[in-house]
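Student: Listed below are the residues making up each chain.
Protein chains: 2
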Amino acid sequence: MYIILVYDIALDQNGAKVLRHVFKICKKYLSHVQKSVFEGELTKSQLQKLTTELDKWVRNDKDSIIIFKNRNKNWLDKKFIGLDMSDETSNFF
Amino acid sequence: MYIILVYDIALDQNGAKVLRHVFKICKKYLSHVQKSVFEGELTKSQLQKLTTELDKWVRNDKDSIIIFKNRNKNWLDKKFIGLDMSDETSNFF
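These protein sequences, in sequence, are chains X and B. According to numbering that gives the first Met the number 0, the first sequence is numbered sequentially starting from 0. According to numbering that gives the first Met the number 0, the second sequence is numbered sequentially starting from 0.
Next comes chain X alone, as it looks inside the complex (with noise of 0.2 Å):
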């Protein structure tokens, strides 16, 4: 299935720890297209992989991870307005 991820990772005391694990996580499963913005094809294992390692980061009362799972790829267009960030970020977190 085709994974689009986001996540919003509030920048308190722990939180750049947080996200530096979180980005590390994600570009291991998926390719970074967007500041915090990831896309790629995982199987279902894998996917359940990526979620609990995330748990162990993810703060439940203060950061937020959405993951949209599309059953195809072929069915999901992409559209750029502006900066095409595919992959260029890819050391940025």
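Everything labelled a hint here was simulated from the structure, so no lab data went into it. All C-beta atoms in this analysis are idealised placements derived from N, C-alpha and C, irrespective of residue type, glycine included. Where hints are given, some of them may not hold.
Here are the computed lysine to aspartate or glutamate pairs in the DMTMM-like style, where the Cα-Cα straight-line distance is at most 25 Å [as the list claims (entries may be wrong)]:
#1 K78(X) x E52(B)
#2 K61(X) x D83(X)
#3 K26(B) x D11(B)
#4 K55(B) x D83(X)
Computed footprint of chain X on chain B; a stretch qualifies when at least three of its residues, placed anywhere within it, have a C-beta under 8 Å from a C-beta of chain X [stated by the list, open to error]:
#5 1 to 9
#6 27 to 39
#7 48 to 62
#8 65 to 74
#9 77 to 85
Chain X is nowhere near these chain B residues, computed Cβ spacing over 12 Å in every case [to be verified]:
#10 Q12
#11 A15
#12 K16
#13 R19
#14 F22
#15 K23
#16 T42
#17 S44
#18 Q45
Given chain X, put chain B in place with the hints provided.
Tutor: For chain B alone, coordinates are given in the frame of chain X:
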């Protein structure tokens, strides 16, 4: 078609003004689900109007908007980790 829109606006000198306008335009057409994420069902002509309005504000050399177009919402599932910020952030931009 079902739309997921994510923006990344550069917060330089004019950035706050651009962000305010981009947020207001997106709110007219879509639901706000996370800090820089909107989603909703749009017709082709509504999407055309939305992108035309956004084009007036987006600075092509520094801002980025990604629009994911999904032919059918039924093929799309959504999962939250942590906070579900759907529309409680409507005054936040």
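Student: Now tell me if each hint is right for this structure.
Tutor: Structure-based check of each hint:
1. K78(X) x E52(B): holds, 15 Å
2. K61(X) x D83(X): violated, 29 Å
3. K26(B) x D11(B): holds, 22 Å
4. K55(B) x D83(X): holds, 17 Å
5. 1 to 9: Three-residue rule met by the stretch 1 to 9 of chain B, so holds; n is 3.
6. 27 to 39: Our answer is that it holds, as 5 residues pass the Cβ test (under 8 Å) against chain X, meeting three.
7. 48 to 62: The restraint on the stretch 48 to 62 of chain B holds, since 9 of its residues have a Cβ under 8 Å from chain X and three suffice.
8. 65 to 74: holds (count 8)
9. 77 to 85: The restraint on the stretch 77 to 85 of chain B holds, since 8 of its residues have a Cβ under 8 Å from chain X and three suffice.
10. Q12: holds, 17 Å
11. A15: holds, 17 Å
12. K16: With a cut-off of 12 Å, K16(B) remains clear of chain X, as the shortest Cβ separation is near 16 Å.
13. R19: holds, 17 Å
14. F22: holds, 14 Å
15. K23: holds, 16 Å
16. T42: With a cut-off of 12 Å, T42(B) remains clear of chain X, as the shortest Cβ separation is near 15 Å.
17. S44: Given that every Cβ of chain X is farther than 12 Å from that of S44(B), nearest at about 15 Å, it holds.
18. Q45: Fine: 14 Å to the nearest Cβ keeps Q45(B) off the interface.
In this structure, only the earlier hint numbered 2 is contradicted, and the remaining ones agree with it.
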